[in-house]
Amino acid sequence: MMGNMAPGMGRPGVILLREGTDTSQGKPQLISNINACAAVADAVKSTLGPRGMDKLVFDGRKVTISNDGATIMKLLEIAHPAAKTLVDISMSQDAEVGDGTTSVVLLASSMLKEIKPFIEEGVHPQVVIRAMRVATKMAVQRVKDLQVPFEGEKGREMLLKCAGTALNSKLISRHQDLFAPMVVDAVSGLKDDLSDLNLIGVKKVPGGEVRQSFLVRGVAFKKTFSYAGFEQMTKKFSNPKILLLNVELELKSEKENAEVRITDPDQYQSIVDAEWNVIYEKLDKCIESGANIVLSKLPIGDLATQYFADKGLFCAGRVEVGDIVRVAKATGGQVQTSTNGLSAEILGKCGAFEEKQVGDERFNLFTECPSEHTATIVLRGGSEQFIEESHRSIHDAIMVVKRSLKSRAVVAGGGAIEMEVSKYLRSESMKIEGKGQLIMQAFAKALEIVPRQLADNAGFDATDILNALRKKHFHEEGGTWFGVDIDTGSICDTFKSNVWEPSINKINSLSAAGEAACVILSIDETVRNPKSEQPGAGGGGGGPPGGGRGGGGGGMSGMMGNAMDIANNGQRSGRLGKGVKYMKGRGGG
Amino acid sequence: MSMVFDEYGRPFIILKEQQAKARVKGLEAQKSNILAAKAISSILRTSLGPKGMDKMLVDADGDVAITNDGATILERMEVQHQVAKLLVELSQSQDNEIGDGTTGVVVLAGALLSQAEKLLDRGIHPVRIAEGYEAACEVAVKTLADIGDVIEFTKEDTSPLISTAETTLNSKIINVNRSKMAKIAVDAVLSVADLDRKDVNFDMIKMEGKPGGRLEDTELVSGIVLDKEMSHSQMSKEITDVKCCLLTCPFEPPKPKTKHKLDIDSKEAYEKLYKHEQEYFTKMIQQVKDSGANLVICQWGFDDEANHLLLQNKLPAIRWVGGVELELIAIATGARIIPRFSELSEEKLGTAGKVREITFGTTEEKMVIIEDCKNSNAVTCIVRGGNKMIVEEAKRSLHDAMCVVRNLIKDNRVVYGGGSAEIACSLSVSAHADTVMGTDQYAIRAFADALDDIPLALAENCGLSPIEELANVKSKQLESKNPFLGVDCTQAGTNDMKKQGVFETLIGKQQQLLLATQVVKMVLKIDDVITMGNYQ
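First to last, the sequence lines map onto chains A and B. First residue of the first sequence? That's 1 in the UniProt record's numbering, and the numbers climb one at a time after it. First residue of the second sequence? That's 1 in the UniProt record's numbering, and the numbers climb one at a time after it.
There's no promise every hint is true.
[To be verified] Computed footprint of chain B on chain A; a stretch qualifies when at least three of its residues, placed anywhere within it, have a C-beta under 8 Å from a C-beta of chain B:
no. : stretch
1   : 296-306
2   : 374-385
3   : 409-416
Think of the hints as simulated: they come from the structure by calculation, not from any bench. By construction, the Cβ of each residue, glycine as well, lies at the ideal position given by its N, Cα and C atoms.
Work out the full structure: start from the sequences and follow the hints.
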């Protein structure tokens, strides 16, 4: 069971840790961590690329159908401590670049897989790590050297292509022509700092057809909960002034815990009137400010609704915070927390306001805003799942466009950049002495996983394509941007066929994957407190050392089952299968 | 889920609650998803077309619904399977957007998936199939636009609208009365439609169902029907030249919202209080009277005291009218909603030509109808029928018909029904397939085959020999280049749907194809299903 426990029957082991504590250390620990990462990468690898597939994850409450690496990794609820590192890099890629969340996991696990034989043969992990660091650095530098910078006037075209590439692998890939310009327009509408992505609202309206999705240059939000009298309001304004409030406009007690004592029945009416006066005063102040539209984060009651309707204003209560903020940014208004001291400066302005029917829902649209910092994308689609996935895809595309606007340089996708970096590292490795040479070569080989998986997912012979790519990159002039051609099952210049990715995406994923691989390689012991183990989880794995033998037995039979499983599963997990068998040989002997 | 093992053959956990998770991968996942989706579509298949059958659905409370409306069937079935749920949403989205063709869209999706299954068996990559479908769908949608016809109608000549509505009602249980029902639907929609803006506000059409009477008694009331009665049985049942006030305050002494306490320390004070209360009532009534109102509609209730006073002052009143209805009345009568009595004034009153209370048969049930309103575009359909189920189904059918009419107003292009449009698309798609290189060709051809499934199902449901009928019509279409030939479901003696006057809106049909293709792509793209518990 435990690595450091002698198998002999006579000698009792020295117990250092609390009973039930699970420790494993040394090389076996390293190998098992690598295997765990391989298993995780195995789960997401089929989502890569334009022919990538989706995963349906049902967690007992909610269904998610997605092709986004980060989303899947999150939903898998990975418990293995080492494998969690992969979830982390996927998340960080998502936060940093927004796209390439699958390929970063693939790269990391592929690196580990290539390193595994060295570890098994006894190369010290630190040596490996040092060489890996060098290789990562060189790879990143190579990407920087190769990247093609943006030229000013061609900027938009570049952005369109980047957005298109990001959408390629998604469910809505067929509608790139619609979404790519939409995303680019939305992002370019932002101010130069691009810092706040919250300014791009994405609204989902189930129903309708995906091509009915549209972009609003301005703010759009769903009709809020309304009271009687709402329909009598004016629903269309041109050049309206907008008052944004964080005030409740309702007839209610002003103070929560106040109690009025009335001694004379004659005073009764005056108390009632006083309350009415408070609310009317507030309403009048709103109207006096000159606003045509009143929006509030808090409820606007029926009385206020009817009063505003009478005076020809429009109001909406319970508007979501994000929407209010967007309206404020777009129209230049300021959110007020009191109705006192309203002045003309704090009112927002926009060119047009309208309440419009979209599918089953009604939307409030604010357009022609003076400072065009905001945009809203309204997504339509046949089912909730479809819209959810569209949303994720759009998010990815927005992030990519944003990053490319910032970094202003692109590389070719479709595995081309990986092949080129791989070639570079291979030739550079020859200049290095010692073990580093081998490690760098392994690193170079690991990069080939991207084109390999792309071809695999499309159902092509990955080895053939890989060989063709290697030949092209090593021996032919102008082969720099050759990658996998998904349509014909051969290779092509992906730069020419408009598969462009922001270079920051690749730089980030290379360095993140390299880092993660190093972290995992540097772990040589895990100590797990028994309580952190889930009850009943894992056949014999979590058992106390005393039951080790029995547990081990259970493990063995489980393993046999697994080996069979792998054999039946065929090619895809074949590699892992071999690894397991190999280990079994060593462990048993 | 499968396990991973370390050097010593110990299994270790990668995922949380790994044992409880089930995973289906690869082709197996696609097959099981397709199976589930096909099961759903085969349930709906028999409901397609004019001779389609109904389904009886009994829910947990024993409530029975009988319908052949696809969206309703699927909604009531409470489907559990995750992929099958996609089809339910598909049908609902067609329902929300178009309102008709909810069955057809699911049948088409099912047909596309069963075609895809065959291609998967041949080893074609699922995403390639989906892409082929998308390409084919584009062709089909274009074909629809090409063969589409334009229906001209005006407010005076509504016959084309009526015949469209009739086509929709054909497949429904109320098809005996379809001409009347169609007229009701068209009249209702036209009265609220804004023909210049091509907009129809459905909120203005209300549908009230009352079991009892005959289906023929269904009527359209221009005005608003309230499922309420006069607050006192002796109040007058019919008022003309109505001036109504809409109140959102109750007929009782006003209460401050702040917590309050009234200290009564003497008999005099108590009497004063009592007097005040009485005064409030009389004052309120007086204020109403002074404003000139002759009908009181109140959002809240009022106690017997007030009721009695209202009766004495000959002020008919309706109480407990919901906010939404109050709003409708306000819009129709041009009234302003009044939050307290002191704000009552003449200009805030609404006007209507006539308000009457009607009773149904021998039952106690009563309704108040407000007619001839000032800005009357609100209308109400009172649906009658032998039993609750029929009434409910009639309401759904009428709704479908109204949706179709609305769509025509929005966009007056149509395609012909009876499967003719599908056959025409199928022909053009398979012609397109021959021009495409590579594996996509198979997927495109499969799409054409799937389109044939609609006329097949139509013919099958009519008791015709499906294959024979389809082959006939298809060859006729090819021969005569007439895209209006379809399956003669009603045995009218001609295959020309234009002559039969069977048509559907173009946008509805296009949406069907697009939505079905989208969902099919979604299903095909899933190659890995990870669930808690068992995945059935």
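Fill in: Violated hints - listed by number, lowest first
3
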